[in-house]
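Visitor: Please model the entire structure based on the sequences and the hints provided.
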Amino acid sequence: MKNKKKNAAGKAEVNKPASKTEEKKLTLEKAAESAETAKEAAAERTAPDNAGKASDSGSKANAREKIGPDKKDVLIEVADLRKSFGDHKVLRGITTTISKGEVVALIGPSGCGKSTFLRSLNLLETPDSGIVRFEGTDITDKCVDINKMREKMGMVFQQFNLFPNMTIKKNIMLAPVKLGKMTKEQAEKKADELLARIGLSDKANAYPMSLSGGQKQRVAIVRALAMNPDVMLFDEPTSALDPEMVGEVLSLIKDLANSGMTMVIVTHEMGFAREVADRVMFINDGVIAEENPPEEFFGAPQNPRLKDFLSKVL
Amino acid sequence: MVNSSRTKRTAAAIMALLLTALCFTVLFNTPLVYAEGENDTQQAEEYELSGKNVGVQLGTVGELRVRPYEETSRSSVEYFYSQAEAVRALTEKRIDCIVLDESSIMAVSQQNEGVNVIEKEFSMEEYRFLLKSDNKELLNKMNKALKTLKDNKTLESIVKNYAGTDAEKGKTPYKKKDIERTGTITLAVNTSMKPYAYIENGTFVGIDIDVMQAVCDILKTELAVTVTDKERIASSVVWETADVGAMGASDYKIHNDVKKEISFTGVYATSVQKIATYTEPEPEPEPSEETEEEPASEEAAYDFKGKTIGVQLGTTGDIYATDYEDDGTAKVERYSKAADAVQALKQKKIDCVILDEQPALNFVQRNKDIKILKKEFTLEDYALCLKKGNKELLDKVNAAIKKLKEDGTLAKIITNYIGTDEEKGAAPYEKKDVKRNGTLVVATNAEFPPYEYVDNGKITGIDMDMMQAVCDELGMELKIENMKFDSIIAAVNAGKADIGAAGMTVTDERKKNVDFSDSYTTSKQVIIVFDDEIDSVDDLIGKTIGVQLGTTGDIYATDYENDGTAKVERYSKAADAVQALKQKKIDCVILDEQPAKSFVLKNNDIRIIDEEFTLEDYALCLKKGNTELLDKINAALKKLKEDGTISSIITNYIGTDEEKGKSPYQKKNVERQGTLVVATNAEFPPYEYVDNGNIVGIDMDIMQAVCDELGMELKIENMKFDSIIAAVDAGKADVGAAGMTVTEERKKNVDFSDPYTTSKQVIIIHNKEADGETLNFWEKLRQNFIDQDRWRYLLDGLGTTLMITALSILIGLLLGTLIAVVRTVHDQNGKLVILNFICKLYLTIIRGTPAVLQLLIIYYGVFSAVDVSKIVVAVVAFGLNSAAYVAEVIRSGINAVDKGQFEAGRCLGLSYKQTMSSIIMPQAFKNMLPALLNEVIALLKETAICGYIALQDLTMGGDIIRSQTFDAFLPLIAVAIIYLIIVIILTRIVTVLERRLKKNEK
Ligand SMILES: Nc1ncnc2c1ncn2[C@@H]1O[C@H](COP(=O)(O)OP(=O)(O)OP(=O)(O)O)[C@@H](O)[C@H]1O
Ligand SMILES: [Mg+2]
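Protein sequences, first through last, are from chains Y and H. Take any residue in the first sequence, note its place counting from 1, add 266, and you have its number in my numbering. Take any residue in the second sequence, note its place counting from 1, add 176, and you have its number in my numbering.
There's no promise every hint is true.
Below 25 Å or equal to it, Euclidean Cα-Cα: the simulated SDA-like pairs (lysine to any residue) are [unchecked claim]: (1) Y:Lys-408 x H:Ser-1087; (2) H:Lys-1075 x Y:Asp-411; (3) H:Lys-1174 x Y:Asn-431.
Just so you know, the hints here were simulated from the structure itself, not pulled from any lab data.
Guide: Pasting the structure below:
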């Protein structure tokens, strides 16, 4: 409890770059409050193993109890998320909350389930059990139109996944027009704006093949942004890039963070995580082994596995 | 080496003579050519026409008789319009000899010094009219009339008027008498029988006509002349379409079945043809001398030098041949059976076979493509062999043989096997009922007819009967041990057998190992050589026969195949069989007479042999139990027969040149209700064939006439011959009309109408004479594609092929996409389990069976009851087929799209369908475009099997041309080129398309 408060205070006092808006700060304060409420859940987590065992076959009711009452500034709530591929239990009960405007960085050793967790948030992976509530709706519920939910959750992949048979502009316009979000003209205007923002207006009518990796990833990001999502999910957005291109992508993401976008980022870029994230999560053995603001996370890691991990990557 | 009694030798010689005479009697036992012991072959020994330049006068019997020499390339023949011209050519030595009527030739030789008439007649013929045998009354009247005409020299003057010397000809025309007449006698003739029956200035003239006119004048009746094929004259008398038949100088041999039903009048004309040669008046007798001796010297001694001789291992033939082998003049192949040696000879693996005379005669009788050289090789004695020193048995056996010789038993036994046809088998040796003590074991080699061979599973033959007789004499039980010839002596020596009896010649070498009994008969070694003419049905042995699948020819040939005498190649079209014959892939084709004739007409390198194979009736076939229609059709046929419609239809197609095409059947203008679907195979001219794109022919006209009678619409379905019965059975057609013979087997599946015409199976063989005559390339091109607008078959076919391909691929794409979607959805989400199972089953079945079968099953199975256009059938079949392949192409195309693309789409909020349609499919399409196009190309080529349901696609178009021009190469090449061009165009389109799509991503 003490810790949490300190976290919140610390967060407020952190020297944010000048560009960070007042609004952001406000959101952060709210986030701090939400963090307060999350502590009940955290208390339970003190014995994660027991909890995990108890609810291995956990029901929704069980998970709902853990989340507690809805909060307005909470964007995503995850409770007792479990996922296995065959016999391989990848996620063994993940419970966390992501507030609006929060930037969460996910780190962990390869194969620990970061991508699986991230992809569970927009149901690219269907969880075996547990709840993922997005803006108050349990998206694991079969009655929910997942497509509608996904419209508000942008996702960026390691491999960009641009549509090679369409021009850059078409790539961006496709979803908004197809889904009736915008007219063609509106979409075109939006695309032009976004391309101008990342300085690729001249490539509007080029095909993805002719772009560099960094350019492709930035297009992929604005393609997701074109849908005006409420949250952006990044799965190692820079891992497939040549080192000299990493910067341009990271700075775009940083800009986004500064504009108040809620983001969950799986990354191996520790420096970037420390700089941009509000909270860093370490996933190990299918559970969140440690989550803290970056200073504490990197400055005073508690979990021995995290210490070990950090000693290797830093 | 050979030791024999003179009497036995003479006996054997007499027997050989008898046999030869018998052969000739059989060969020349024809109704009109009365050979009476003297015949062509023997005369040919006097003056051999072979290899000579022979002159004949057109329109004479001589011409008819010499023609075969030319047709078989034995002689080259020059034809002259007048005797004078022919004689001039002879005296100027442009030709070696002339063949003319006896009276003419005598006149010629008297007028021209140096022209020598060969004493022996070249041919001698007597002419008689033929009548149905139960028409005794007319026969008697005619015979009386003929006698009158002979007595008052009318016959003589008629004959002279047509076949006399140049001076006599045309001088004494017979004048029809101006009298009152009652009744009509119809005379059936063939008008290609100059000078006996032919057409001049639109009227029938000739000896036969004039004589018959004279007869009619005496009988006070009208004479009506009806023209038919020479082969049909006899049957038209039997069928009572004519009262009297005159075959003129036709060399046609009347079938035995028919012969039973006809009788002949007295002789009204004779023709004796003689040969004249020319020696210049100065004493210079060389040319004729030379020519006369040539054949004899050829026969004098067979030159073994450099030849390969076939013999049976261990026989005397082997011994003689070994001498040649040892001094290096010849190679010797040794076979364990004489039959194998003969087989090898037939296959030309060896040049000749040396064999004992009687077995050789046996083989030659059964194999007309081999012959025995006249000069025998050696004479030799046959004796039994016994273990050396077994004096007691030897004496007993010798005593028995002596007795059998003396009481005539031995001669009887031999006559029973190698006598004349009458003698043969007439007096088989009867085992006597005597008391028997002990067993006599006889070793033999039962592959040496007629001395020993297996008949009905029993070892029989001269030697065996004789041994039985010996045993009867000795009072012993006979036990026969069959073994290889070269084991016999060893077996006797080893005591395994008491006596060897195997047509064994006594030789010094053998005497060293065994004792021989007294000789019991004499034999000769003869040489058999290859003689590759087929000229009778018997010659089919060992030949490869081509037939059209499912025809009666096939049925007959199959008999030969089953008993191992011949090989059979089955073609789906008669034209293909003929083609194969032309290319010498087969030796002959058995085919219905009329189609055979039209093939031969168009191909002068093949010919029909004179002897017909069988007679048979053509009838329509109907679905079993459809008695209502059957009765109606039979009634219609009856009516058409009676009112002459059928005969006028037939005459329109197979009459004389004048008659042909003159009386086409005119479709009647009647009210029609319902449709009669007729299945046929339009590759069987003149019964049914494609002409100018229409299916026409005798059967089709008859069917039109039947439909006119029944008041129905005629619809013709063209298909493969062996599909017709199935089609009728399946109800796809109401009637099958395809020159179909009524057979027992077919009757089991369909009902037949009454026969509407008679046909024969004939044998077509290669005609050596006309090999060289071929069209050049441009002429061929013209013939195949330009004449009669034949290119239209290709163009129309191409249209059909393209249409079927396009429509099929459309169905394939639609259905294939559906299947691919089901399969992909199942793969990705695990949904649609049942649908996926169905799709998988479908793919397995379609991809696991030949497309031809699918097509046939859909045609006969699925659409059997429904009357749909064949194009629809093909489109459905190929559509279903290609769907299976397209589905897998699409599925793998989808799978080849990166999974990330799918996820990216879904993450943007697009639904599964939207992602599929706007992101995955466009990319998948690009991936699968080449494979899809390959599928189109494969399908295009696959449609070539449309012919199986007789759909006229491109390939079938080529086939139609092929069946009309008998040129396989050009139509096939043209079709191939067209396919190739389309494929190249398609490939090109895809390359361009692919490039354009690629460009889009840059
Ligand atoms: N579709 C799948 N089927 C089976 N196993 C899977 C599947 N996806 C992931 N896994 C397994 O789940 C585990 C977690 O995978 P995940 O991709 O979430 O790891 P990660 O933490 O993202 O690793 P990395 O840092 O290498 O990206 C891994 O062991 C992986 O092999
Ligand atoms: Mg990952």
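Visitor: Each hint: holds or not?
Guide: Hints and how they fare:
Between Lys-408 of chain Y and Ser-1087 of chain H, the direct Cα distance comes to roughly 15 Å. Compliance with the 25 Å bound is thereby established for this hinted pair. For the hint pairing Lys-1075 of chain H with Asp-411 of chain Y, the CA-to-CA distance comes to about 22 Å; that is within 25 Å, so the pair holds. Annotation: proposed proximity of Lys-1174 of chain H to Asn-431 of chain Y holds, straight-line Cα distance about 9 Å (limit 25 Å).
Figure legend: structure checked against the earlier numbered hints; every hint is met.
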